[in-house]
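Q: Here are the chains, one letter per residue:
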Amino acid sequence: MEKVIEISNLTKVFDNGRGIRDINLDIYRGDIFGFLGPNGAGKTTAMKIMTGLSKPDSGDVKILGYSVLNQFEKAIEKVGCIIETAESYPYLTAYENLKQFSRYYDNVDDKRIEEVLELTGMLKFKNEKPRKFSLGMKQRLGISAAILSRPEIIILDEPLNGLDVEGMLDIRNIIIKLAEVEKTTFFISSHLIHDVELTCNRIGVLYDGKIVNVDTTKNILNNYASLENYFVSEVERNGRV
Amino acid sequence: MAGFKAALTNEIEKLYKKKKVLVATIISLIFIVIGQLAISGMRSGLGLRGTSNMEFPILVLSVVVNTILPLFTALVTIDCFSAEFAQNTMKITLTRPVTRLKFFTAKITAIMVFIIVNLIFVMIFSLAAGIIFNSNSFTLAALIKIFICYIVTLIPMMILAMMIVLFTNFIRSGVGVFFLSIFVFIILKVIGLIFSQYSGVLFTSMLDWYNLWIMSTFPFGKILRQFILMCSYGILFFTGSYYLFDKKDF
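These protein sequence lines map, in sequence, to chains A and B. Just so we're aligned, residue 0 is where the first sequence starts under numbering that gives the first Met the number 0, counting upward by one. Just so we're aligned, residue 0 is where the second sequence starts under numbering that gives the first Met the number 0, counting upward by one.
Isolated chain B, as found in the complex (with noise of 0.2 Å):
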C-alpha cells in the first residue's frame, strides 16, 4: 500500500506541474465564460429565455462532456503514459519497490482525479456564473441535483480514459493515440445515433447518464443496467491495458 500511495502522489505531482492542467482549467473557464455571455447575450439582445441559474450548470455539463473533457481526458491520459514511454521515464518508476500493477494502478488513479477536479471546477464556476447573472433564487435540492450530476460523469469519463491507456499500449506514438482515440469516438457516437438500436451498449452513448440521475420518477433498473456495462467495459479496458504494460520491456 506504502508503494501505491508513493507512486500515487507522484503521478499527480506530475500532472500537477506540467502546464497541462493549468491550460485545462484556462480553457474551463473560457468555455463558461462565453457560454454565460452567450445566454445574456440571448436573452438581452433577442428577448430569449436563457436558462435559470441552476439550469446553466446542467447545460456546461452537456455541453463539456462531449467537447473538453474528453479531450483533457484524452491529453492528460496520453501525458500519463505515451509521453513517458517516448521520454523513457517510465524505467525511473519500474526500479522503484513497487509492482507494475500498483504503479499502473496509481497512475489510472491520478487521471481519476484530475478528471473529478476538472469536473469540480466547472461545476463551481458554472454555478458561480449562474448565481451572479441569472436572478433566481437557488436551493439546496438544485444544489444537490448538480453535484450529483458532475459526480456520476466520473464513471463514463474514466472508461473513455481507459480505452485510451488501452491504445496507448499498442500504439508508439502519442499524436496516433489522440487521432485515433478522436476517431473512435466520433464513430462511436455516430453509431449511437444512427444505430439507436446499439446505443445501449456503447460507453459514448452512456456520457449523459447524468440525466437519469435527475428525473422525476428515479430509474433504478435504467441506471443499474448502465453502470454494470460500464463497470463490464471498465474491467476489459484494465485487463487488457495491464496485461500489455506488463509484457513490455524497457
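Isolated chain A, as found in the complex (with noise of 0.2 Å):
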C-alpha cells in the first residue's frame, strides 16, 4: 500500500507547554483518516505544520514523497485543504474566490469552479460575496476550494463545522464518493465521533500531543461498543478524569 503522508517525529512545542510530541504516523493511499483527540491534544497543530501554516521545532512531514519543509511547491501541489476555518476574500465573489486559487492549478477550468459548486450546493450563490455568507455557506465554499484541483490528498479540519443535517450528510457523501471513485486520500479531524465512525477506515488517537493508538475502525467496533465509548476509555487510559 502506497504511503501517502509520513510523518516522523513531528515536534513543535507553544510556550505555553502545549503542542505536538515526537508524532509518527503514515497514512496509505485511499484511506479514510480520522483525527481524533480532546480540545488542545493538538490536532489543528499537526495539521497546520503538513499544509505548511506552520513549521515544527523538529521532525519532517512528507506527502507523496516530497517534505513540505524543503521541497513545499511539490509536495502540496496534490492536496486540498480547509485548517481551523475555511477562509475566503470578503470582497471577492464565490465564483471570483475559487478563480484566484484555481490560477495555482493547471487543470482547473471555469467548468470545473461551476463543477464544483453544484457539488457543494453554493452554484446559485456563485456571483455573491462571502460577507454576506452565513457560516455554513462558507464552510461549503472552503470545501469547494479543497477539492477544486482534483487533489490526491484531502487535509480537513473540522469540515462539518457550522453545517446543516443535509449539509453533513452532503459532505459526508462527497468523501466517501471522492474516496472511493477517485482513491482520494483523506485526513480528517472531527468531534462529531458519530460522523467519524461512519466516514472513517481509520482511526488515530491524539493525547496531550502524543499519538497513543492507531487502528481501523473494523477493528475498534470489534472491540467497542461504538467509537466514542473506545475514545472516552483511550482518553480515560492515558489519564484524564
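Take the hints with a grain of salt, since some may be wrong.
In silico DSSO-like links for lysine-lysine, alpha-carbon gap of 30 Å or less [claimed, not checked]:
hint: 1; chain 1: A; residue 1: 77; chain 2: B; residue 2: 101
hint: 2; chain 1: A; residue 1: 128; chain 2: B; residue 2: 144
hint: 3; chain 1: B; residue 1: 4; chain 2: A; residue 2: 73
hint: 4; chain 1: A; residue 1: 73; chain 2: B; residue 2: 19
hint: 5; chain 1: A; residue 1: 98; chain 2: B; residue 2: 144
hint: 6; chain 1: A; residue 1: 176; chain 2: A; residue 2: 125
hint: 7; chain 1: A; residue 1: 110; chain 2: A; residue 2: 131
hint: 8; chain 1: A; residue 1: 110; chain 2: A; residue 2: 98
hint: 9; chain 1: A; residue 1: 98; chain 2: A; residue 2: 77
hint: 10; chain 1: B; residue 1: 19; chain 2: A; residue 2: 123
hint: 11; chain 1: A; residue 1: 123; chain 2: A; residue 2: 217
These are calculated hints, taken from the structure and not from any lab test.
Quick one: dock chain against chain with the hints and give me the complex.
A: Put into C-alpha cells, the structure is as follows:
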C-alpha cells in the first residue's frame, strides 16, 4: 500500500507547554483517516505543519514523497485543505474566490469551478460575496476550494463545522464518493464522533500531543460498542479525569 | 515561476477589486485639478506668473511625492499585509503550491505595480491639465524629462513601501503600522532638514532625487551613490521583512 503522508518525529511545543511531541504516523492511499483528540491535544497544530502554515521544532512531513519543509510546492500541489476555518476573500464573489485559487493549478478551468460549486450546493450563490454568507455557506465554499484541483489528498480540520443536517450528509457523501471513485485520501479531524465512525476507515487518537493509538474502525468496533466508548476509554487510560 | 505569476495576478486583482485604488485615483485627480485651478487663479487674479505647461507636471510631482503618494503607498501596503493578517486570509494562499518567498515577492511586486500606475496616472493628468490650461507649446525633450522624473520616483517609493512591510510584520494592527509609518516618515524628514549633514543617508531625502535626473549637467556620481544607497535600504528591508514573514505561524 502506497504511503501518501509520512509524519516522522514531528515536534512543536509552544511557550505555554502545549503542542505535539514526537508524532509518527503513516497514511496510505485511499484511507479516510479520522484524527481524534480532546481540545488542545494538538490536532490543528499537526495539520498546520502538514500544510505549511506552521514550522515544526523538529521532524518532518512527507507528502507523496516530498518534504513539506524542503520541497513545499511539490508536496502541496496535490493537496486540498481546510485548516481551522474556511477562509475566503470577503470582497470577491464565490466564483472570483475559486478563480483566484484555480490559477495555481493547470487542470482547473471555469467549467470545473462551476462543477465544484454545484457539488457543494453553492452554484446559486456564485455571484455573491462571502461577507453575506452564513457559517455553513462559508464552510461549503471552503470545501469547494479544497476539492477544486482534484487533489489526491484532502486534509480537513472540522469540515462539518456549522453545517446543517443536509450539508453534513452531502459532505459525508462527497468524501465517501471521492475516496471510492478517485481514490482520494482523506485526513480528517472532527469532534463529531458518530460521523467519524460512519466515514473513516482508520482512526488515530491524539492525547496531550502524543499519538496514543492508531487502528482500523473495523477492529475498534469489534472490541467496543461504539467509537465514542473507544475514545473515552483511550482518553481515560491516558490519565484525563 | 508559474506560482509567482499566479500569485502576482491574484494580488493585482485583489488590489483592483478593493475600492482603495479607485479612491487613490479620484483623490489624485482632485489634487491635480485644484493645483491647476490655483495656478490659473494666481495668474489671472494676482498677476503672478504660474507655471508653463511643461513645468506643471514637475510641480505636481514635487507636491505629490511628499504627501499623497506616500499616503496611498502606505494604505495599499498595509492592506496587502496587515489586513490579511487580521482577516486570517493569508493562509488561503499559503496552502497553495507557491513558496512563501514567491508569495511575498508577488505582494511587493503588486505594490510596485500600484505605485507605477499611480505615478503614470498623475503624470498623464497633470500633462493634460498643463496642456489645456497653459498656452506654451510642448517639446519632446520636455516630455521625456517629465516621464523620467515620474519613473525614477518609483525607487524611493518602493523603499518606503518595504519599510512599511517591515513594520507590518512586527505590529499586529494596521492602524498602528499606519501611524508608525507617518511618524517615522516625518521624523526622518525633519532630521534631514535639521541635520543636513545626515540627509545624504536618509532615504526620505531621496524622494526628490528626480531633480538630479533633469539637471543640465548629468550628475552621474551623485545619482549612482543615491541609487546604491537605496538598493542597500531595499536589501535590508526586504531581508528583514521576509525573515519575519517566513517565521510566522498562521
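Q: Are the hints correct? Go through all of them and say.
A: Here is what the structure says about each hint:
1. 77(A) to 101(B): Holds, at about 19 Å.
2. 128(A) to 144(B): Violated, at roughly 45 Å.
3. 4(B) to 73(A): Given pair residue 4(B), residue 73(A) holds - Cα atoms ~17 Å apart, limit 30 Å.
4. 73(A) to 19(B): Violated, because 35 Å separates the two Cα atoms, which is more than 30 Å.
5. 98(A) to 144(B): 41 Å, violated
6. 176(A) to 125(A): With a Cα-Cα distance of about 24 Å, the restraint between residue 176(A) and residue 125(A) holds, given a limit of 30 Å.
7. 110(A) to 131(A): OK: residue 110(A) and residue 131(A) at ~24 Å, within 30 Å.
8. 110(A) to 98(A): 11 Å, holds
9. 98(A) to 77(A): 17 Å, holds
10. 19(B) to 123(A): Within the cut-off at roughly 29 Å; holds.
11. 123(A) to 217(A): 39 Å, violated
Hint check: violations occur at hints 2, 4, 5, 11; the rest are consistent with the structure.
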